[in-house]
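**Student:** Residue numbers (this note's numbering), protein chains in the order written: chain A, 4 to 179; chain B, 4 to 179; chain C, 4 to 179.
Note that these hints are calculated values from the structure, not bench results. Please note that the accuracy of each hint is not assured.
Chain copies aren't distinguished; within one or between two, either way the pair holds.
[What the hints assert, rightly or not] DMTMM-like mimics (lysine to aspartate or glutamate), calculated; alpha carbons at most 25 Å apart, straight line:
| # | residue 1 | residue 2 |
| --- | --- | --- |
| 1 | 177 | 27 |
| 2 | 177 | 32 |
| 3 | 177 | 64 |
| 4 | 58 | 113 |
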Amino acid sequence: MTQDGAGVTLVLGGARSGKSRYAEALCREAGGERVYVATAEVRDEEMRERVARHKAERAGDGWRTIEEAMDLSAVLIREAAAHRVLLVDCLTLWLTNHLLAGSSIEKEIDALVEAVSVQPGRLVLVANEVGFGIVPENRLARQFRDHAGRLNQRIAASADEVTLVVAGLPVTVKGR
Amino acid sequence: MTQDGAGVTLVLGGARSGKSRYAEALCREAGGERVYVATAEVRDEEMRERVARHKAERAGDGWRTIEEAMDLSAVLIREAAAHRVLLVDCLTLWLTNHLLAGSSIEKEIDALVEAVSVQPGRLVLVANEVGFGIVPENRLARQFRDHAGRLNQRIAASADEVTLVVAGLPVTVKGR
Amino acid sequence: MTQDGAGVTLVLGGARSGKSRYAEALCREAGGERVYVATAEVRDEEMRERVARHKAERAGDGWRTIEEAMDLSAVLIREAAAHRVLLVDCLTLWLTNHLLAGSSIEKEIDALVEAVSVQPGRLVLVANEVGFGIVPENRLARQFRDHAGRLNQRIAASADEVTLVVAGLPVTVKGR
């Protein structure tokens, strides 16, 4: 991170590890206007309600929410240029959306890594660590796992800090 | 931990990670009378034999064993008050027992966290880290994973030390 | 590790964690003739082509490749005696091969641990960490997971260094 607080942090964690809460706390520490980039694709009414509720809760806590399931790179470039603190929650859902849409995953990851590298602000990215179980029997699950692992490696390589959240607590993998 | 060796340690680990063995070694270091709280529910004859064998082995090694599948809080309060060194193996089985019994998981976790916080002795709690694989297809497995993650976060927040055991070796997550 | 660069490093990681790439970099740092011990059992034409391609790529990068799916101990003793730098990729596939062959896993692990302990060279062993997901429904998967966990514990106990690779980045578990 630079002295003015810019820099990229990748927050990795398992399911219900507390990674999102930890990432939110990092953004609050950074100060300034906070933008929450939600990548969850709304697929039904139940989810629409949950997303709306979370958005309202975050608004009360000082966040502006942007919903963007696919074109993360454009959002990062545009919002970071406005000197905001950005939280992306999460990269793994974004990857899932692109897999379901039949996108070229390599191209999408290349574009995302480029956007992460050039954006000038404070950026916190949340992603799931999904590779520590046994090999899934389902072929699509294996492919997803491979893509998710490669995505995490690429982002980690260009991040200033990488933190693994275990039971709500941060373990430093890279950085300060 | 206080100077007299009191304090709570959460030992997290995957399957066959050596977490129980590590937790037992921590308790031996603490000295004093050691109580092993086994949370496994005995469901058949094969298991009854295995549990009896383990109990006999531990007795030879200086442990007293208490079998308590459900009401951990009462055991913690009662035994810790007697200034013993307690090992609970493990919280994840205790959670499973309550899920199968249809208990209110939130209430049970609240009561356990309270008991962990107020007990005055040396307490080592073992739990499984289960959230680092891909999303399970089975809905009950997903719910279990969510509950287990939240339980680990809650206990970790009130523990003095949290250790992740990897291939039998401790990685400090919180504490000394 | 000794001053002359000998010593055993276990590199653990999840699927697509970058563990192999990290292990290769460790071997390059060690200098000297590098031998890559590939434990993948070739089962079909597609795999034969992939294995041949990887072997050619590594040859261009200065590696000699030995394919040995089963008798790792003999390879370790023979090659290490010739003062080479050895990379075994990976122990988990080797374990799978023995499980499929119906070998006595305990005996095989004992022999491997013995070979790892007595070989005098620079040895880097790659293995999968597979125990951090929920309990698999498949009984064979559960057994595999148990064996893999025990194997990792045994090797970790006799290694000089153990590193967990997360998103391509090393987390020290044991050693320097």
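**Student:** It remains to establish, for every hint, whether it holds in the given structure.
**Tutor:** Going through the hints against the structure:
Taking identical chains as interchangeable, the C-alpha atoms of residue 177 and residue 27 lie at most 25 Å apart whether they share a chain (19 Å) or sit on different chains (20 Å). Taking identical chains as interchangeable, the C-alpha atoms of residue 177 and residue 32 lie at most 25 Å apart whether they share a chain (19 Å) or sit on different chains (21 Å). When the C-alpha separation of residue 177 and residue 64 is checked against a cutoff of 25 Å, the pair qualifies neither within a copy, at 29 Å, nor between copies, at 28 Å. Taking the shortest alpha-carbon separations for residue 58 and residue 113, neither the intra-copy value of 29 Å nor the inter-copy value of 27 Å comes in at or below 25 Å.
Of the numbered hints given earlier, the model fails hints 3 and 4; all others are met.
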